[in-house]
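**Q** Residues per chain, in single letters:
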Amino acid sequence: MGSFVDDILADVKATNPTEPEFHQAVHEVLESLEPVLEQRPEYRRYKIVERMVEPERVIMFRVPWVDDSGAVQVNRGFRIEMNSAIGPYKGGLRFHPSVNLGILKFLAFEQVFKNALTTLPMGGGKGGSDFDPKGKSDIEVMRFCQSFMSELCRHIGPNTDVPAGDIGVGGREIGFLFGQYKRLRNEFTGVLTGKGLNWGGSLIRPEATGYGSVYFAAEMAATRGETLENKVCLVSGSGNVAQFTAEKILQLGGKVVTLSDSSGSIYDETGIDGEKLEFVKELKNARRGRIKEYAEKYPEAVYSVENPDDDHNPLWDHPADCAFPSATQNEINGKDAANLLAGGVWLVCEGANMPTTLDGVDAFINAGILFAPGKAANAGGVATSGLEMSQNSMRIMWSRDEVDSKLHGIMREIHRACQTTSKQFGVPGNYVLGANIAGFIKVADAMIDQGVV
Amino acid sequence: MRQIFPDHERRPGDVRGSFQDLMQWRVRRVLLVSSLYDSFMFAEDRLADALVLGEFLGVELSTLPEIHRVSTGSEALDEVKRRPSYDLVISSTRVGEMHAQELARGLREAGIEVPIIMLAYHERELKDFIRAHGLSDIDRAFLFQGDIQLFLAIVKWAEDLMNIQHDVDTMGVQVILVIEDNIRYYSYFLPVIYTAVLQNTASLVPDGINLAHKLLRVKARPKIVLASDYEHAWDYFQTYEANILGVISDVDFPKDGELCADAGVQFAREVLQRHSDVPVVLDSGRRENAALAEATGTSFLHKYSPTLLQELSRFMGRNFGFGPFVFRMPDGTEVARARDLRQLERALHTVPAESIWNHAEHNDFSTWLKAHTEFDIAYRFRPLKISQFDGAESLRRFVIDAIRTHREERRRGAVADFEAGRFNPERSFARIGGGALGGKARGLAFARRLLKDFGEDRFENVRLAVPPSVIIGTDVFDEFLDANDLRDFALRAEDDDEIEARFESAPFPLRIQRDLRSYLELVHYPLAIRSSSLLEDAKYQPFAGVYQTLMIANNHADVDVRLPRLIRAVKRVYASTFAQRAKRYVSATTYRLEGEKMAVIVQRVVGALHGERFYPELAGVALSQNFYPVHPVKAEDGLAAVALGLGEEVASGGICLRFSPRHPDRLLQMSSAGDALRNSQREFFALSVGKTGRARQGEIERYDLSVAEEDGTLAVVGSTYSPENDVIYDSLSRPGTRLVTFAPILKHGLFPLAPILSDLLELGTYGAGGPVEIEFAVNLSTPPGTPKQFGFLQFRPVVPALDPGGADINGYESGQLVCQSGSVLGSGRLDDIHDLVVVDSDAFERSQSRVVAAQIAAFNARLCAAETSYVLVGVGRWGSADPLLGIPVSWDQISGARVIVEAGFRDMAVSPSQGTHFFQNLVANDVGYFTVNPEAGEGLVDWEWLRGCPAKDETPFVRHVRLDMPVTVLMNGTRHEGVILKPGVARST
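Here the protein sequences come in this chain order: Z and U.
Mind the numbering: the first sequence is residues 1 to 453 in the working numbering, read in order.
Mind the numbering: the second sequence is residues 1 to 989 in the working numbering, read in order.
A couple of the hints might just be wrong.
Unchecked claim - In silico EDC-like pairs for lysine to aspartate or glutamate, Cα to Cα no more than 20 Å straight-line:
1) U/LYS303 x U/GLU594
2) U/LYS634 x Z/ASP68
3) Z/LYS292 x Z/GLU275
4) Z/LYS134 x U/ASP637
5) U/LYS634 x Z/GLU275
6) U/LYS747 x Z/ASP67
7) Z/LYS281 x U/ASP139
8) Z/LYS406 x U/GLU724
9) Z/LYS13 x Z/GLU56
10) Z/LYS297 x U/ASP139
11) U/LYS747 x Z/ASP68
12) Z/LYS47 x Z/ASP449
13) U/LYS127 x U/GLU113
As the list claims (entries may be wrong) - Covered stretches of chain U (in silico footprint by chain Z; criterion: 3 or more residues with CB under 8 Å from a CB of chain Z, positions within the stretch not fixed):
14) 702-715
15) 780-789
As the list claims (entries may be wrong) - Ranges of calculated distance between the beta carbons of each label pair, as one might list FRET restraints:
16) U/ASP842 x Z/ASP67: 51 to 61 Å
17) U/GLU521 x Z/ALA71: 36 to 46 Å
18) Z/ASP67 x U/ARG975: 49 to 59 Å
19) Z/ASP11 x U/HIS748: 53 to 63 Å
20) Z/LYS13 x U/GLU709: 48 to 58 Å
21) U/GLY712 x Z/ARG400: 24 to 34 Å
22) U/GLU954 x Z/SER3: 51 to 61 Å
23) Z/ASP67 x U/GLU867: 49 to 59 Å
Simulated from the structure, these hints should not be mistaken for laboratory data.
No experiment lies behind these values; they were computed from the predicted model shown.
Each residue gets a CB set at the ideal place from its N, CA and C atoms; glycine is no exception.
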């Protein structure tokens, strides 16, 4: 098998010699897929992997625009339509000077599996431009977006390709892009996600990742006959993900005892109840203050200053049942993992992107605890994009509860897919492997069904 | 034994005749070649006063110099061709398109024979000039260090130079020989010597002596000659040997073309051998030379003594012997003194009519007025004949009316004396007490002048103004210190609390208290009490932030409650002159604390009352030059930093919004919602003016943005972030997170801030002849129907960039580099630095940044003591107020660094702080400044190489490396690029 993967990699490098980021992504995915490629020889026969690494379509175009001084500027626009086996291409647009073909192919390739894992009908794509919104006026950003969409509009559509935002593309840019699409195509349709709430956007977007991760955790717990009720939970971070993770844990009867920000963390043994959580929301969302103030307001809490030179994070030192790393990358290293295990933690659910280092992940898997990788556990964000598409197609807007309940259903499905897959491949309960493979299988099978296209 | 006034005895009756004989060559017309700002500074800081002081003491009222200013060298050349009657030319180093040497050459070619002086404003500027151009065509170079008395010294020195031979020959006047080769030092020393000579000359004349005799004696004051090497000194000594009154000599200066360590001692021995009664004083920066002086039989002065002026004055009083001018009746009887126009007017009401008549007959009024730069009124008086008046009383009425009218006219544009009856609490700008206004107040006076020219109502519905203020002149500071005997104590005391306590308990001059009381009866708004010292904010002298600024609520109904609070605040500002921070700061510069004097600005706080808080909607600073422009913004487009509330947020390096006034739409900090959430203000400062007697009343406090929203002030500067939509909306009309973005003003034109700043910076740059910084505050909460207020709080020129272009930095391999950056401030080449002080990126711990700062300070102190410059390399933002963002050093803790490298943390890029006082210090002291973010691919620091260099000394976080061969620093000021090359790498170009 090694030589099969090596051969494909060699081919990828030979045909895409200037795209090191893409090589890396293909390498990582293929490595994790070795067991499935061994078990499913038809994937090799139909050259599924070889087809997957080649985008269905790459659109590269000129984006000329006029800056505020009247000078003409030219940027390069891209859309990688990577795979539409299970649905229209779906993936973000990134505006950043570092954007190039290799980076976008890498992101589009990963997006295919991420989207498939949500169980929603979404293919994978990615796009963007080397345009740098930093230091540009609103009007310049608008002119750029309009020029970008003037070309892109002929390649996308609600049933073809539905871009979303990414780095450098927030609500403002989505608005400008949508406006230009609507004007050129003369249709109000769900061609982009991330739209404003009063013109086609969906509710629950800020909550989705946090809620989704707790739903996933609850499903995992259930496999061991447990619920989150009365479970002591460590949550890191205090942004959107952490706040709504804590909120959902409270709703499910759990007890949250920690939160953090870049300056330090608080430990409240008595539990962060609904009132305290409201204070945190006000503190972080309205006042943009420091979590330290929590300890000033609630003396029962202990504040620890963040020390980036410490070899471990004290937040993970407390005795608990569950941990929800929801702050940032690499916030749980090997030592933190050991501390968590020593503290009695039996469930770790990643709300952030890759918060656990590789040795941390190994420690959890070796210890046999329930570990949900971010790829699966934080798919709530991607899922709501899918739900936005669905609402647009049906021309309705679901209520908050409706979206929440659909999100719950999706997370349950993701969990089921991961669990089933891991079982199928002989490592029951290994959600890492399950998540890596489940998305791939879904796409691969669809590709086989649809013939060689 | 030599006689001091031999000719006086010889021609006792011919007083007028001898008066005419002496000082025949006078500086009557000075051509000043400098920017408008310089000229204004001189006028407002009483250049003329300084000269008048000299003339007053010398009682030479008939020959006050007129100063004519031009901005450029070519204008100067045209001017002397048109009117060749100038007696002295004073030029800045660079005057428009040419430099001072070229101008001097041109003047000589045009046949101008008068002394040509070059005046530099910064020691490095002077050194660079000498290195590049020499001083061959210039008679003398001087360095302006904030003391306006330098002009008195320059004029007197020029006059002495031209008259000495004649005056010695005809009347045998005495000569003081000064030997000093260091320009900075003689620029400080010469005014001190002249002041001491003039004071002593005046004080020696006994009361009651006949005026004519007094004139003669004072007129015959000693002449001062300045030599900068042994040979010239000896030449002077031999020429005036019989008339040498004393010698004031440096210890080391050139002899036979080479610097000689004991030239002064040798010279003193030679002198004493020939005339053992000639007093000689040796001055030196090294205390150990005191013993050498004693052994030689001379007195000794320590150059860096904090009380040098007093010591020198005492020395001259004891050894040279001299005398005061008093205003008198024709028969010599004093009837009144008038030091300024206000006192003159007051005296005119009471003095006998015959005295007025007598002065009018001698044209004394117009002469005196001219001396006070009151040229308009002086020229109005001059053509009048006394016969036109039918009697002395009619003359008295005329003079009083003319002066009063003139003062009213002057009040609008310049700094009038405070008078309760005439002070308009909404507009006036007046002074209380004599002396200088200080740097900050001078800048403000200049700003008023600029605004007057510019048009205060140029923008619709906006009033641009310097807030109404009174300036307490430096004389009050002197009087307060002297009357309470505080000066020596304060200069030596090491405990700031003790200084403050002594100052607060010392009585304040009653006369000033009365004026301040009258002032407070007129004003009931909050007041800022701001320092305005001689050195502070003067051109090139970045003392900003060293001294204290206080605010008081000033809202108590009883003036007797408010007055002590105001006086206490003034005393606290005085005390801050001598705070350890200021002492450290001054010692880190080329200035001397003894020469420092403090004026105080009492100024209306711009803002409005919101609940129990008083604050403006926004305050900030603007620089005409942006040192880190991001395309398409250009350096000359300027940079502003603004914050909601009082300016403390900006000055303390808090979160504020930076933008280019020419590109207000381009807000780097707000490029994305995430950026905006991270980089927008979270709190604001306001003056608490709540219930009187409350503990925090009158304090500057921090408030949450929600308070501003309730106050209604956030609406004009705020936006809203919607987490649901991931968008920032430019108003507060939707629910979400409130952000201070200034969008309503900068994007939607609610108030023309950007155009105002843009115009003011352009105007200021024109006025100052170079880049400027302004500080401002805007009050939009004005009563309906009244214009919004733009308060101009400070104006000062900043150091212009060095020669454009700079070094060639290309063609080096990365292995040859210690550091490379595409974000460099500074220009030129340095290849004499052997020392590096390095905060290692791996060893550094953010939580320890205060400890690191202290360790750096210790290294800095040692290197400064050894007069060794070094390159400082570290991580995070230098001088950061937030210890988590960088190393919180103050300027005096890194004062010896010639180049500073600021590298990003591993997990966070640094963005350079601009416009803050710390940054300004770097600029003004011409420190190279490299910003490097290797993690983000912006530049490099070869940490491995640095770690491999053996440490001379090290602490857990900081290493001092001394290299056998120097590193080479190359900075291209035009492209903002630079490299530091490893030893031995540099090309010899």
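**Q** Run the structure past the numbered hints and jot down the numbers of the failing ones, going up.
**A** 5, 7, 10, 13, 15, 16, 17, 18
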